[in-house]
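Residue strings, one per chain:
8 protein chains.
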Amino acid sequence: MNAESIRKLFEEVRAGKLSSDDAVARMRHMPFEDLGFAKVDHHRALRVGMPEVIFGERKTPAQLAGIFKRLAEHGGNVLATRADEKQFAAVKKAIRGAEYRELARAIVLQRDHKIYGKGVVTVVSAGTSDIPVAEEAVATAEMMGNDVQHLYDVGVAGIHRLLANREALAKARVIVVCAGMEGALPSVVGGLVGVPVIAVPTSVGYGASFKGIAALLGMMNSCASNVSVVNIDNGFGAGYVASLINRA
Amino acid sequence: MNAESIRKLFEEVRAGKLSSDDAVARMRHMPFEDLGFAKVDHHRALRVGMPEVIFGERKTPAQLAGIFKRLAEHGGNVLATRADEKQFAAVKKAIRGAEYRELARAIVLQRDHKIYGKGVVTVVSAGTSDIPVAEEAVATAEMMGNDVQHLYDVGVAGIHRLLANREALAKARVIVVCAGMEGALPSVVGGLVGVPVIAVPTSVGYGASFKGIAALLGMMNSCASNVSVVNIDNGFGAGYVASLINRA
Amino acid sequence: MNAESIRKLFEEVRAGKLSSDDAVARMRHMPFEDLGFAKVDHHRALRVGMPEVIFGERKTPAQLAGIFKRLAEHGGNVLATRADEKQFAAVKKAIRGAEYRELARAIVLQRDHKIYGKGVVTVVSAGTSDIPVAEEAVATAEMMGNDVQHLYDVGVAGIHRLLANREALAKARVIVVCAGMEGALPSVVGGLVGVPVIAVPTSVGYGASFKGIAALLGMMNSCASNVSVVNIDNGFGAGYVASLINRA
Amino acid sequence: MNAESIRKLFEEVRAGKLSSDDAVARMRHMPFEDLGFAKVDHHRALRVGMPEVIFGERKTPAQLAGIFKRLAEHGGNVLATRADEKQFAAVKKAIRGAEYRELARAIVLQRDHKIYGKGVVTVVSAGTSDIPVAEEAVATAEMMGNDVQHLYDVGVAGIHRLLANREALAKARVIVVCAGMEGALPSVVGGLVGVPVIAVPTSVGYGASFKGIAALLGMMNSCASNVSVVNIDNGFGAGYVASLINRA
Amino acid sequence: MNAESIRKLFEEVRAGKLSSDDAVARMRHMPFEDLGFAKVDHHRALRVGMPEVIFGERKTPAQLAGIFKRLAEHGGNVLATRADEKQFAAVKKAIRGAEYRELARAIVLQRDHKIYGKGVVTVVSAGTSDIPVAEEAVATAEMMGNDVQHLYDVGVAGIHRLLANREALAKARVIVVCAGMEGALPSVVGGLVGVPVIAVPTSVGYGASFKGIAALLGMMNSCASNVSVVNIDNGFGAGYVASLINRA
Amino acid sequence: MNAESIRKLFEEVRAGKLSSDDAVARMRHMPFEDLGFAKVDHHRALRVGMPEVIFGERKTPAQLAGIFKRLAEHGGNVLATRADEKQFAAVKKAIRGAEYRELARAIVLQRDHKIYGKGVVTVVSAGTSDIPVAEEAVATAEMMGNDVQHLYDVGVAGIHRLLANREALAKARVIVVCAGMEGALPSVVGGLVGVPVIAVPTSVGYGASFKGIAALLGMMNSCASNVSVVNIDNGFGAGYVASLINRA
Amino acid sequence: MNAESIRKLFEEVRAGKLSSDDAVARMRHMPFEDLGFAKVDHHRALRVGMPEVIFGERKTPAQLAGIFKRLAEHGGNVLATRADEKQFAAVKKAIRGAEYRELARAIVLQRDHKIYGKGVVTVVSAGTSDIPVAEEAVATAEMMGNDVQHLYDVGVAGIHRLLANREALAKARVIVVCAGMEGALPSVVGGLVGVPVIAVPTSVGYGASFKGIAALLGMMNSCASNVSVVNIDNGFGAGYVASLINRA
Amino acid sequence: MNAESIRKLFEEVRAGKLSSDDAVARMRHMPFEDLGFAKVDHHRALRVGMPEVIFGERKTPAQLAGIFKRLAEHGGNVLATRADEKQFAAVKKAIRGAEYRELARAIVLQRDHKIYGKGVVTVVSAGTSDIPVAEEAVATAEMMGNDVQHLYDVGVAGIHRLLANREALAKARVIVVCAGMEGALPSVVGGLVGVPVIAVPTSVGYGASFKGIAALLGMMNSCASNVSVVNIDNGFGAGYVASLINRA
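Residue numbers (our numbering), protein chains in the order written: chain A, 1 to 248; chain B, 1 to 248; chain C, 1 to 248; chain D, 1 to 248; chain E, 1 to 248; chain F, 1 to 248; chain G, 1 to 248; chain H, 1 to 248.
Please note: incorrect hints may appear among the correct ones.
Said to hold, decoys possible - SDA-like mimics (lysine to any residue), calculated; alpha carbons at most 25 angstroms apart, straight line:
hint : chain 1 : residue 1 : chain 2 : residue 2
1    : D       : Lys8      : C       : Glu12
2    : E       : Lys211    : E       : Thr128
3    : G       : Lys8      : E       : Glu167
4    : C       : Lys211    : G       : Ser203
5    : B       : Lys8      : E       : Lys8
6    : G       : Lys8      : F       : Arg7
7    : C       : Lys59     : A       : Tyr100
8    : B       : Lys59     : F       : Lys211
9    : H       : Lys8      : A       : Glu12
10   : B       : Lys211    : D       : Pro132
11   : H       : Lys59     : D       : Tyr206
12   : G       : Lys17     : F       : Asp22
13   : A       : Lys86     : G       : Leu103
14   : G       : Lys59     : E       : Asp153
15   : F       : Lys59     : H       : Arg82
16   : G       : Lys211    : E       : Ser203
Stated by the list, open to error - Derived DEER-like restraints, expressed as beta-carbon distance ranges:
hint : chain 1 : residue 1 : chain 2 : residue 2 : range
17   : E       : Glu57     : A       : Glu167    : 51 to 59 angstroms
18   : E       : His113    : G       : Asp22     : 41 to 49 angstroms
19   : G       : Ala89     : E       : Thr128    : 21 to 29 angstroms
20   : B       : Ser19     : E       : Gly66     : 39 to 47 angstroms
21   : G       : Glu11     : H       : Asp112    : 53 to 61 angstroms
22   : E       : Glu167    : A       : Gln63     : 56 to 64 angstroms
23   : C       : Glu73     : B       : Ala164    : 30 to 38 angstroms
24   : C       : Glu73     : B       : Gly75     : 56 to 64 angstroms
25   : A       : Arg96     : G       : Ala89     : 38 to 46 angstroms
The set of hints was computed from the structure by calculation and includes no laboratory data. Ideal placement from N, C-alpha and C gives every residue a C-beta, glycine not left out.
All chains should be modelled from the sequences, with the hints used to inform the complete structure.
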């Protein structure tokens, strides 16, 4: 133990076995990080209510189940993203309480039901094809202890659908907006509200949408000042950032 | 003269100097286009009310004035796009009636004031920085004989500005929408109306807008089905296409 | 009817059944667009003859058939794009009159045979590989009530094939041009006619064609002023825009 | 008040001064947003402490001074970004209290000194060349009523400089990180803290940095989950988003 | 028939039924291309020794065999590129003499064995993976009547292999060079010879080779002045251009 | 001297001072290139009629004049491309016979007027803006001893201008086609002739033309098989390749 | 045989059948490379300890086994990269001692166990997904005779994991760093050490990572001066370069 | 002073004023890096013979001179890259011994003339335009204590120039190769030697060279295994990496 090795050093000095100068010299050669863990703990302490997260893609059912089980032993919520039914079957065998959220392609184990977020996280999607990404954001934010609401299929080409839900938007403390194609929805939503908007470009689109690049560029260039952006299809990241904002 | 050479052929046949078969054979070796001008004329006939157009960029004031004067002799409207004040000074000296539209950076000579378009062409801009491109579209459509209206600074981040003008949009027979940054406005406008929308990406923007590419991609991927797109900053092209639609 | 429901509200107030305050409160909870529907109705009125459209890609046969059936109940034409034979089989079971247009990969149910367009919509393709995209444009325009003609395999490397059909082009009121590879055909067609040309880049090509980007860029930079562009392979969008122009 | 104007309409109907039909007709001609303004007001109410903002680039000194003066009449803080010394001279003449922040290239008029943010906003820059962007974020956040601290020149190639400031990072409620070149700093900072990190790619770099694209891509792909991104060199946007988070 | 309709016109003039002027006028309204076929024939005459070519990709075996058979009736050589074994089986059934060149993925029917080229066409490949593209060039050039030689696996990282074959290069009248990865070979070959070099980038490579783009850019920027470039993997085009040069 | 050192080796063998085996062994350690120069001479012999070429860009007038003078001493033609008037003034002082071709931005010194090319090199340009690039090709081909003809301003949007010149095209043994914007002209020209076409994309264009990339991609994807491509604006390279083809 | 032909020349000179001058003249016409093999040998001599390497991708098991066996006859180490289990089965049958390194996807035959490298080669990976690329570097460096150590899963978002291993890094004479996503790890490692760092971008990532391009750009723009970069996923190249450095 | 603060802690423990546990606890809250400087020193110790380096671009002459002077006080070599004559004049005034290397655009102050490198660093350039980048590498390597040789203007289009210098290449312990345009030279050099090659793409080129991207891609995809790459025009980085390799 690191703290222990330093304590020993102090003991030796106190016992007169070592001069202060020699102790300092010896510390110079100790590994850098021996004292650093306090901060790491402090950091972890901050993470109460944060789920342990596994990225499921490219993992075998057995691998995923193994990791899931180990993390489940920590006692908190566990979230596996980008998971399929086969992976879920393997997890389910190991952990009874695990559930599969099909739309979100997420496996969740929720044991901590406390709400840590101070307000509502609202997740908005432009089209029905963007829903899987939106649902990943929903699952993430829920597992991190938020009151989550969603508003789907309110894309800009039928602007009245969005406007009909202005009341719902107005209740949010932070908003996640998922959109593919031209990625214009975050700008419109951003202009309607005074809270932070996390934009998620999705890879939904055809032709010159370039698997989300058109949407990504659109969002980066949003004319609304309250918009920041995460990676293409990164519903998890958006839900995570939104949760941090909501508990701040 | 081409028609002349063919007439001679007919004369020779009529005079019995040439058999019909030989005449046909000789025509086979005549240049292809000798007879083609009828169509070209027909084509030109279609263009009544279309201005003669000069692309001003990279031309010296003297060059521009020279071309402008020559075209002015045809008697119709003349339009020079991407022109600056120095070029205008040179044109003005040669042609009294020429006017400079500063915002549009266009020199116009309007002699045919007849309205050829069947309805209203409405030109919309997202921000004030997009106005020069919008004004180029306005100047083009006006010189081509249209009733043109404009609606500026109605970008998507303040959607109520656009919605407050739905009546105006509803009157249009064709709409030109100029927008930079994320280029989302055509999608929203397209969703509000049932007429063709010509989208013009502008090079307005910063950082990852890439001089209009973000807007161009956004417009190409519009989720509104009535949107088609012209090149970046191509206000002239948009005004031209809109005019053709309006006189169709 | 919306206006009706508001009128009723006024009537109830007038009849003393409802206080003004309660009426205002009730209006607050009415769907937003209830007041907006004058416009929406007007808009919908414009859409007579417009098919109800389903984007077939990524939908299961059952899902597609379900949506198709529901839309068919509206009584007008129904169009499903990007559909395959399996999806058609499911639709056919539910709706007898549905037909499959194999080349266009479209399922159509045509009940409104009225011609709404004022002229001919001509759809041109550069090569035989561009025909599926062209056929999608044809199917769309036909379902929207147009007299549609097509002209296939008239690419620029054999320019005489195109020129041999100038008469056909001259009859069109609006032209859709589908081309992959270098995407040059819209420029040439645009130069031959005086009507609007809707260019559709197709993903046909090899090597540095980049799935339609080369064609898209070529069309964006067309030296013909009457060309506007829709997304790669977006035959539906082109047919839709052309139909709007043709009924304007 | 809007609701009021509608209530009046009801009153008039109830009083028999107006038929229901006339009332409906009159509502059709009311500006769309008359019912929406509750939200707009509410929205504006949220904006207490938000500066009026002018984008200075491409404006003449006279234009900028004119707009600045008009906004200053609203009584709150005024911020002009991307402004140069000449523009400042013009503003200074009109508004005594205006100050120029040279590094940030911002003109500020601070009259509301109240702190609206609940915690500290920390602005971090990777290199000295990123400081102008960072300072724009600082100026924005200060004008929006935040306690702002900064930490400059702590790039990843000398990681000890960053680590030496972990205590400072730990105090922040939200962090803005500006970095050019490979844009790696947000990932490292994100891994050290449990609060939201707003990443700003800067156009600082050479060769294959492509004016900020390399940094932008790096940040989009951050392996830290608490990072979201704004546009290249968009210090204003980052400061704005951070302020919203901090006052949430 | 076009020629017929013109002959009739001449007959009418000869018979005095029509004045020459009226005949000219009527021709103005005839379709443009009626007389144009002479040139097309002339063009075709130039093509002696050129194979009829079918692009095999995406065609069913039945389709390919059908087209192949029809072209075979013209009596010259027939070439189908990008063809697989199944397609060949179908062709073989229809046309006995057809052969499959496996490496080139080409089906050939050679009936005209005359050498039209004036010198040797040498086809060079950088690596063994580039050989299929090189072989397509070889098959094309052979079917077009050339003496073709090849030089494979002489990439720039082992420059002595190339130099050991300088005598062979010196004999060529035109050289085709196929290379993937960095695409450097055409520059080196171009520097060694004084004849035209046709460069073919191949899609061979990994990582940042981007399916041939790196090679394409390398070749476009060749520091040897005698290099021109065709599309990625376009062995057919290179063989075709080389053949034209060799018979010039 | 290399040849000398080998001759000495032979002398020693002849004199019996060295065994043949030892001589071979010693040669193994001699530098590789000692015997290689014969080929280089042979190569140079091929270059009769090829001008000595200087790339003028970024050279001072003094530097350019110095190099020009030195090359002029070889007695053949000298060509400096991308040269301006100041550079020409310096060259003119040193070499009386030098001439400046303004459009081509080339300084030429023509002393060898012999025609080495076997046919006509025709240089075609799409628009007037492409003429400088075309003129560079003309100057290069002329200095290399070709009968050069040109055909300017025959872009695809007015296809009749090109068709009116089919006779001229038919005379060429090799054709250079310069075009910016969508770069479609080489495909059309390629389809009209049976000789090699060298395509030169030019950086002429606006918006999404990306300084010649759109044209370059268009040309790479040409549907005409007789087209190969050189770098953007590389009129020199095109003239050089065309000259090699014409003298082959 | 080349040496033989030269020996004959010497013999003829010695026998007086040929003058020295004539012999020199004849050598001028001999192929360049006849004497060049000495250097090639010398080059090969340098390669002691370098494995014979086969790129396994796209080779059939039989092909790979055949090449492997032939190379194994040279007596040194043999390495096949990008190989799968089926290929290994075929190799194993032919060569008993061959082993399969599953993670590295490499087949190795190690017969030369001598350590040629002067220090330790340390291979670092950012995440677990980068391990296959890292293992390819490890296998390569081991087969080239190096003492190789590895340090996995020490990405920048958990910087303490890296710092906890600074001692290990300090021992390295050259370091290979494999990272996907934002590719930031080489900069951080580069800043911690004073030895060369070879960076390998991996194709690990999602959305806008573009299969390694984001990482590649990040590494190219590293703010640490001791970083150079190889191609995406090119673990072999990194291990090879590192080995050369380590044995220098 | 950090060490001092720790020594005090030890003193307090030794004096019995503080328990060991309390001391450990207090250390937990000390800034992390207080003990870390040993490693930094150690790191710096490694850097003997490394020059202090200033990036000159965008610095005023006064700023550069100030930094230069301060660094000069450390007693070792000082190097300022990307510096111009004005900056040099300012430096020269402050530091007599400073010299300006015009081609390299570098200001150097060399006081440590010891050779730290174990072998020769050879810097190769493809064309004369690449020399400034090459000279920056030369200056860097010389200031870091290396025996540096250079080989300029040996590009691949005249491969004999390179081969004529194989002896020179064979002497190098590490080679830097600078090339623009297609960037092919590193592959050829890499194939000729058995030592590490550091490739530097330069921004030299025209048209589709994209300011060095074509060269960068070419080098990333080098078919020679001993090549690694630094950023475009980064002669300093290449010289730095080469020096580290040479002193390893």
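Violations among the numbered hints, reported as their numbers in ascending order:
Structure breaks no hint.
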